Structures are given as C-alpha cells and as structure tokens.
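**Q** In my numbering, the protein residues as written are 67 to 210.
Calculated directly from the structure, the hints in this document are not laboratory data. The model shown is predicted, which means the values in this text are computed figures rather than measured ones. Some clues are possibly wrong.
Simulated DEER-style distance windows between Cβ atoms [to be verified]:
(1) 130 with 186: 31 to 37 Å
(2) 188 with 122: 33 to 39 Å
(3) 74 with 139: 20 to 26 Å
(4) 181 with 126: 33 to 39 Å
(5) 172 with 117: 19 to 25 Å
(6) 80 with 106: 19 to 25 Å
(7) 144 with 175: 31 to 37 Å
(8) 190 with 145: 25 to 31 Å
With a straight-line cut-off of 20 Å between C-alpha atoms, the simulated DMTMM-like cross-links for lysine to aspartate or glutamate are [as the list claims (entries may be wrong)]:
(9) 134 with 196
(10) 116 with 156
(11) 134 with 156
(12) 116 with 99
(13) 134 with 182
(14) 134 with 99
(15) 116 with 85
(16) 134 with 153
(17) 116 with 153
(18) 116 with 126
(19) 134 with 83
(20) 116 with 171
(21) 116 with 200
(22) 134 with 118
Think of the CB as a built atom: it goes at the ideal place given N, C-alpha and C, for glycine as much as any other residue.
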Amino acid sequence: MATPTMHRGQCFCGAVEVEVRGEPEAMGYCHCESCRHWSAGPVNAFILWKPESVAIVRGEDMLASYRKTPQSRRRWCTVCGGHVLTEHPDLGLTDVYAAIVPAVEFRPGVHVHYQETVLRIADGLPKLREVPAELGGTGEHLSE
C-alpha cells in the first residue's frame with residue numbers, strides 16, 4: 067500500500083507549521099475583492115485540500131482567525147502576521163496558500179471570480195465569472 071504524499075510548510079516566521087497529505091482537490095487563482103485585500107496583491111494563488119488532509123502540526127495556539135463571511139475563515143500567525151490558510155466549511159475545502167507549501171508543485175487549472183479581476187492574465191486557463199457549478203457557482207466562462 068502506497069504512503070500518501072506529505073508536505074510541510076510554515077508561516078513567515080516558522081512559528082506555525084502545516085502539513086498537507088495526499089493530492090490537492092484543485093489549484094488556481096482567485097481574483098475576488100476579498101482575496102485581493104487579504105493577500106495585499108492583485109491575485110491570490112490557492113491550493114484547495116479536503117480538511118482532513120490538512121493538519122496544524124506546530125503553533126496552533128499562535129493562530130488567529132477572522133470571518134468576514136460565513137463562507138471563509140481566514141487564519142494567520144499572531145507572531146509574524148503571516149497568512150496560513152482559509153477554511154471554506156460550506157465547500158468542504160481548505161485553502162493552504164501556495165506560498166506556504168513550496169514543495170507542492172503549483173499547477174493552476176482555473177481562474178475564479180474573474181469578473182472582479184484587476185490584473186488580466188492571458189495564460190490559456192479557464193476564466194470563470196464565479197466558481198465552478200459543482201461548488202455552487204454558475205460555471206460561466208469569461209474571455210481572457
């Protein structure tokens with residue numbers, strides 16, 4: 067029986083350490099206003115995992131959280147302020163930011179919330195108005 071792939075990552079200062087196991091559910095870029103404000107960038111690179119595939123292995127007591135909406139619980143290190151992950155309970159997914167787990171090869175497959183973009187990216191990937199239909203969105207595609 068094969069052992070599932072495991073990767074570890076950490077916040078900016080290393081006080082919080084995260085472990086992800088297995089394969090991610092999806093990878094891509096989010097262009098929504100919330101992610102842009104949270105990440106302080108024009109786009110957020112995400113890697114989505116099932117919650118049972120994500121574990122805080124060090125520093126859980128140093129994590130703070132904030133819920134602007136019921137759909138997202140954002141968590142960060144109280145020592146350095148480094149963003150660690152966002153839990154999406156209604157979707158049954160956890161976004162461990164791509165930069166947190168650099169050993170995971172980032173293979174984006176989609177752009178979500180592209181109607182809110184402030185940075186057009188011509189990379190040939192699907193551009194969705196919201197999120198995929200299977201996650202409750204329209205699944206509507208937009209042009210690059």
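**Q** The structure should be examined with respect to each hint, and the outcome stated for every one.
**A** To see whether the hints hold, each was checked on the structure:
At about 34 Å, the CB distance of residue 130 to residue 186 agrees with the hint of 31 to 37 Å. Checked against the hint of 33 to 39 Å, the C-beta distance between residue 188 and residue 122 comes to roughly 37 Å, which is consistent with it. Under the hint 20 to 26 Å, the C-beta atoms of residue 74 and residue 139, about 22 Å apart, fit the expected range. Residue 181 and residue 126 have their C-beta atoms about 36 Å apart, which keeps the hinted 33 to 39 Å range intact.
Restraint check, residue 172 to residue 117: a C-beta distance of roughly 20 Å satisfies the suggested window 19 to 25 Å. Against the hinted window of 19 to 25 Å, the Cβ-Cβ separation of residue 80 and residue 106 comes to about 21 Å, which satisfies the hint. The hinted window of 31 to 37 Å between residue 144 and residue 175 holds, with their beta carbons roughly 33 Å apart. Between residue 190 and residue 145 the C-beta distance comes to about 40 Å, which lies outside the given range of 25 to 31 Å.
Restraint check for residue 134 and residue 196: satisfied, since their Cα atoms lie roughly 18 Å apart, inside the 20 Å limit. The straight-line distance between the Cα atoms of residue 116 and residue 156 is roughly 12 Å, inside the 20 Å bound, and the hint therefore holds. Taking the CA atoms of residue 134 and residue 156, the gap is near 14 Å; set against the 20 Å cutoff, the hint holds. Between residue 116 and residue 99 the CA atoms are separated by roughly 24 Å; this puts the pair beyond 20 Å, and the hint is violated.
A hinted pair counts as satisfied when its Cα atoms are at most 20 Å apart, and residue 134 with residue 182 qualifies at roughly 18 Å. The hinted pair formed by residue 134 and residue 99 meets the criterion: a straight-line CA distance of about 12 Å does not exceed 20 Å. Under the criterion of a C-alpha separation no larger than 20 Å, the hint pairing residue 116 with residue 85 is consistent with the structure, at around 12 Å. For the given pair, residue 134 sits about 12 Å from residue 153 by alpha-carbon distance, which is consistent with the 20 Å threshold.
At most 20 Å may separate the alpha-carbon atoms for a hinted pair to count; residue 116 and residue 153 meet this at roughly 10 Å. Note on residue 116 and residue 126: the hinted pairing holds, with a Cα-Cα distance of about 18 Å set against a maximum of 20 Å. The straight-line distance between the Cα atoms of residue 134 and residue 83 is roughly 24 Å, outside the 20 Å bound, and the hint therefore fails. Among the hinted pairs, residue 116 with residue 171 is consistent with the structure: their alpha-carbon atoms are about 17 Å apart, no more than 20 Å.
A C-alpha spacing of about 15 Å is found between residue 116 and residue 200, which places the hinted pair at or below 20 Å, so the restraint holds. Proximity of residue 134 to residue 118 is assessed by CA-CA distance (about 23 Å); at most 20 Å being required, the pair is judged violated.
In this structure, the hints that do not hold are numbers 8, 12, 19, 22, in rising order.
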